[in-house]
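> Here's the letter readout for the chains.
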Amino acid sequence: DAKTTQPNSMESNEEEPVHLPCNHSTISGTDYIHWYRQLPSQGPEYVIHGLTSNVNNRMASLAIAEDRKSSTLILHRATLRDAAVYYCILQTGNQFYFGTGTSLTVIP
Amino acid sequence: DGGITQSPKYLFRKEGQNVTLSCEQNLNHDAMYWYRQDPGQGLRLIYYSQIVNDFQKGDIAEGYSVSREKKESFPLTVTSAQKNPTAFYLCASSTGGSFNQPQHFGDGTRLSIL
Chain A
834 DAKTTQPNSM ESNEEEPVHL PCNHSTISGT DYIHWYRQLP SQGPEYVIHG
884 LTSNVNNRMA SLAIAEDRKS STLILHRATL RDAAVYYCIL QTGNQFYFGT
934 GTSLTVIP
Chain B
434 DGGITQSPKY LFRKEGQNVT LSCEQNLNHD AMYWYRQDPG QGLRLIYYSQ
484 IVNDFQKGDI AEGYSVSREK KESFPLTVTS AQKNPTAFYL CASSTGGSFN
534 QPQHFGDGTR LSIL
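Chain order of the listed sequences is A and B.
Sequence positions in the first sequence follow our numbering and run 834 to 941.
Sequence positions in the second sequence follow our numbering and run 434 to 547.
What the hints contain is simulated information worked out from the structure, not anything from laboratory work.
A hint or two may mislead.
[Claimed, not checked] Below, in silico cross-link-like pairs of lysine-lysine (DSBU-like), each with a Cα-Cα straight-line distance of 30 Å or less:
#: 1; chain 1: B; residue 1: LYS490; chain 2: B; residue 2: LYS442
#: 2; chain 1: B; residue 1: LYS490; chain 2: B; residue 2: LYS447
#: 3; chain 1: B; residue 1: LYS490; chain 2: B; residue 2: LYS503
#: 4; chain 1: B; residue 1: LYS447; chain 2: A; residue 2: LYS836
#: 5; chain 1: B; residue 1: LYS490; chain 2: A; residue 2: LYS836
#: 6; chain 1: B; residue 1: LYS490; chain 2: A; residue 2: LYS902
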């Protein structure tokens, strides 16, 4: 059973904000939430990660629900370069658990 | 530039053969990982190593073997015992030995059966 659930695909207009949701209802207190993105035939690229508090970096923001059963990756202004598959990952102990990801299409 | 180099990019294997995938990093990272990705799926952990001369099995280690003789190198051997080896293989590394740290990935090796 997948530890994270994401929509298969989403679309966004260029220069608009994008909110990518993820459900992880079985998360435990010590599990970290990671987000990576992947282009075809390339390795995943780190985006952001967090435990309990919301996190910001130059690429994105991560909003974590108070009960930690869901999170949202926020891209503040989508560009064409942001088109990729975005993976929400649960880190349990020493293991990363990938879901099937959300394919983001950015419309010019 | 610092990074992770995987070679070859494409690899073909005959039935009953073992093949070795190379992974080299010059990031001075202690931890290294091997993942397998099947079409339309996320990544699954095969093996990881947090320090030289030590490694641990991931979720799908059967049919695979690894070694970690040098900090920079973490080769993966796909043995003939792996009955469905066709997949995209990704190597990653991170600082320290904690999965909490971001992982840096190579560009992968695509393995196919002849």
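> Each hint should be assessed against the structure and marked as holding or not.
For each hint, the structure was consulted:
A hinted pair counts as satisfied when its Cα atoms are at most 30 Å apart, and B:LYS490 with B:LYS442 qualifies at roughly 24 Å. About 25 Å separates the Cα atoms of B:LYS490 and B:LYS447, which keeps this hinted pair within 30 Å; it holds. At most 30 Å may separate the alpha-carbon atoms for a hinted pair to count; B:LYS490 and B:LYS503 meet this at roughly 18 Å. In summary, the hint linking B:LYS447 to A:LYS836 is not supported, as the alpha carbons are separated by about 35 Å, beyond the 30 Å threshold.
For the suggested pair B:LYS490 and A:LYS836, the alpha carbons sit about 20 Å apart, so the restraint of at most 30 Å is met. Note on B:LYS490 and A:LYS902: the hinted pairing holds, with a Cα-Cα distance of about 28 Å set against a maximum of 30 Å.
The structure fails to meet hint 4 from the earlier list, while all remaining hints are met.
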